[in-house]
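Colleague: Chains A and B are the protein sequences, given in the same order.
Counting from 1, one number per residue, gives the positions in the first sequence under the UniProt record's numbering.
Counting from 1, one number per residue, gives the positions in the second sequence under the UniProt record's numbering.
Pairs of lysine-lysine residues, derived as DSS-like cross-links and limited to a Cα-Cα distance of at most 27 Å, are as follows:
{"hint": "1", "chain 1": "A", "residue 1": "Lys332", "chain 2": "A", "residue 2": "Lys386"}
{"hint": "2", "chain 1": "B", "residue 1": "Lys295", "chain 2": "B", "residue 2": "Lys310"}
{"hint": "3", "chain 1": "A", "residue 1": "Lys332", "chain 2": "A", "residue 2": "Lys444"}
{"hint": "4", "chain 1": "A", "residue 1": "Lys271", "chain 2": "B", "residue 2": "Lys310"}
{"hint": "5", "chain 1": "A", "residue 1": "Lys343", "chain 2": "A", "residue 2": "Lys444"}
{"hint": "6", "chain 1": "A", "residue 1": "Lys396", "chain 2": "B", "residue 2": "Lys114"}
{"hint": "7", "chain 1": "A", "residue 1": "Lys163", "chain 2": "A", "residue 2": "Lys11"}
{"hint": "8", "chain 1": "A", "residue 1": "Lys343", "chain 2": "B", "residue 2": "Lys114"}
{"hint": "9", "chain 1": "A", "residue 1": "Lys21", "chain 2": "B", "residue 2": "Lys114"}
Calculated directly from the structure, the hints in this document are not laboratory data.
The primary structure of each chain is shown beneath.
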Amino acid sequence: MTTPSLVLELKQVCKHFPGVKALQDVDLRLFAGEVHALLGENGAGKSTLVKVMTGALAKSSGDIYFNGQNCSFASPAAAQQAGISTVYQEVNLLPNLSVAQNLFLGHEPRRFGLIQHQKMQQQAQQLLLRFKLNIDVSAPLAQYSVAVQQLIAIARGVAMSAKVLVLDEPTASLDSSEVQMLFDVMRQLREQGVAIVFITHFLDQVYQISDRITVLRNGSKVGEYLAADLPRARLIEAMLGKELQQLTHQAATTTPAVAEPLLVLNNIAVKGSISGISLTVAQGQAVGLAGLLGSGRTEVCRAVYGVDVLSQGEIQFGGKTLRLQQPADAIKAGIALCPEERKTEGIIGPLSIRENIMLARQARRGWWRYLPVKQQQQLAAFYIDKLHIATPDADKPIEQLSGGNQQKVILARWLAINPQLLILDEPTRGIDIGAHAEILLLIKSLCQQGMSLLVTSSELEELVAFAAKVVVLRDWQKVTELSGDTMTAPHIMQAIAEG
Amino acid sequence: MMSVRYLPLWITAALLCLLFGIGGWQFDGFASLAVVSNLFSDNAFLLIVALGMTLVIISGGIDLSVGAVIALSGVAVSLLISQYQWHPLLAFALILPVAALFGALMGVLIHVYKLQPFIVTLAGMFLARGLATTLSEESVAIDHSFYDAIAEFGFVLPGGGWVGASTMIFIVLLLLVIVLMHYSRFGTYVYALGGNSQSAELMGVPVARTTIAIYVLSSVLAALAGIVFTFYTFSGYALAGVGMELDAIAAVVIGGTLLTGGSGFVIGTVLGVLLMGVIQTYIIFDGSLSSWWTKIVIGLLLFGFIVLQKVLSRRTALTTAAGGTAHG
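Take the sequences, apply the hints, and build the full model.
Modeller: Written out as structure tokens, the structure reads:
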């Protein structure tokens, strides 16, 4: 093997969002003809790094060298032009266009400036045969399953790529034979000298295909390793870090003796989504929901909160059967939800912190009985103090706070009506490590006060730290339930991966 | 699936044939080439505007300024010809680039400042209408030999039909737009933007250029419609084309284009305009109905079509979700 040449190099790249440092002095070296795994927990900054690398986001500082030249791509189009193509985590294709149009968008074969549809469809057919896909390429993409769409997205990346191919979680929706097919194509490309960046949660796959590994944690680079030299245990250690483990010990206290069940899900299903899910949450207990993106975690939360109406099964709450038609019914029963999409479903950006905290309380009182401003101020001050919300005053618009503080305000909103069950969907996503720890401790103390919690999180160490038991979901179904000694991050990860 | 995509188009075509058949059965002379050719020449300006509107709506936008642009271009052209003694062709050559600039301005505002097309083009509508009224509050008559020649230009169809300059201009534009939408990269980009503008950007679609070009095309087509309107009326009037943007939108929707963007056909819009024209013709032949019945029928049709679209798109979404379940 000749000495590989450096294709893409990132030096001390930083990316800041308001209130969050998503990337902090990250270095990355990418050589021609290698598969380079980019690993890290959710929120470690992998996707941000990919977006900065491929022109979808502008970097805040640092340098990017492509073929030895300092450059930064102004747009994904510019990066593609230079020979870097990307398959993003969520399928980013156009459901309304045909498969062939999706494959060749912007690169259609033309004669006299006119697109040659027939030729394009032939080429599309040939390209997809590499993935053993024999489908009608003139049909709209929306007609095909997510797995097929994912393969099509990868095929597009392969067709476009000259030098660098970035695959962000390409295997999340593929079955094992499809994964092997993808790996075959990746090996072919590697032979041809293409540099491949491979992001995944599946560590088996990392060792199957990767040459080198770069690990990120909390927006910083932990290290770069040769895959052959890095034992799995050390890799996991690098990904998870020490902070959370310390926290685990700090937060681990004995759970109270078995209490009355508060929430019982009896074989519930939602049309076109989750099915056959049963679980129990006891009084004063925190139950974790684990699974990959799209495994049904969020859907379970939505069903319990009455956003999605059940097509089957029943929800028992405090001994009574609930018939939820809308979130208002759930709130009335004493159920609250902090949603995953904080920006769009949680906060009301232009309103002040005080107003955001008051929303649920005021709604419960009824809109015609306005809570006096003085009382509002007292309540807001109480929660700002209690939850350590970092703000100079309660009348600042909430959108100016950092992610962690916004999350605390939303928590305060629900605490103000003292729900019996609090559902937290990814409560620590995208917030810094300090606020992270505080929220975990808060969850713990709420349990001790007798509140029940249902919490989803991608960070398994975190779930293990506070949950009495963890329910693992995959493909919109419950896989298993872990508690006691079997409830460890590696076990959960295994359950997620293998079922 | 294919049939679902084309279904609204087929329904519009079927309704058109049905209504035409009923008219022909009820009234002498309804089912004739003369009526058909009149449908085109009487509605040529609306057809031309609606071509541009189809593009805009497929891209996920809307253009409320077109009616006012028709008035502005009509008044400006009439003034240049009658008051300043310009040759009409010279007047056209000035007004079309100005319209392009106007469209570009709206496109830039929409893209750069991420403003709603609705509000930007609403502002454009007030601006153009105001400008037209400032130029002349009165109707400006055109008396020029070129216009007489235009009126004479054309050929007779068997059975008394007449294919004039307006119809010919429309047919040429229609062919151009069809080629543009289905055989050029630009056309694919327009559909891509309407499908999902974020994905489109990540896939390397030049979003800025495409957005601006879309509104340029819409404004230029509106200005052309304004010129064709002067062929029809031999005058320019600042209050011409009031509400025509809404007629165009109605035609686009009746023609099967999704208001949310990403799906639709130019030919559907043509069928939509013709359907509205046939309803009008029917009411004229009938004689006892008020012409406002046209609006009532169009209103009912629109209700029917938007419900149909909703049902179809929900069914498509469900089949996709079901397809996704199997693989997680």
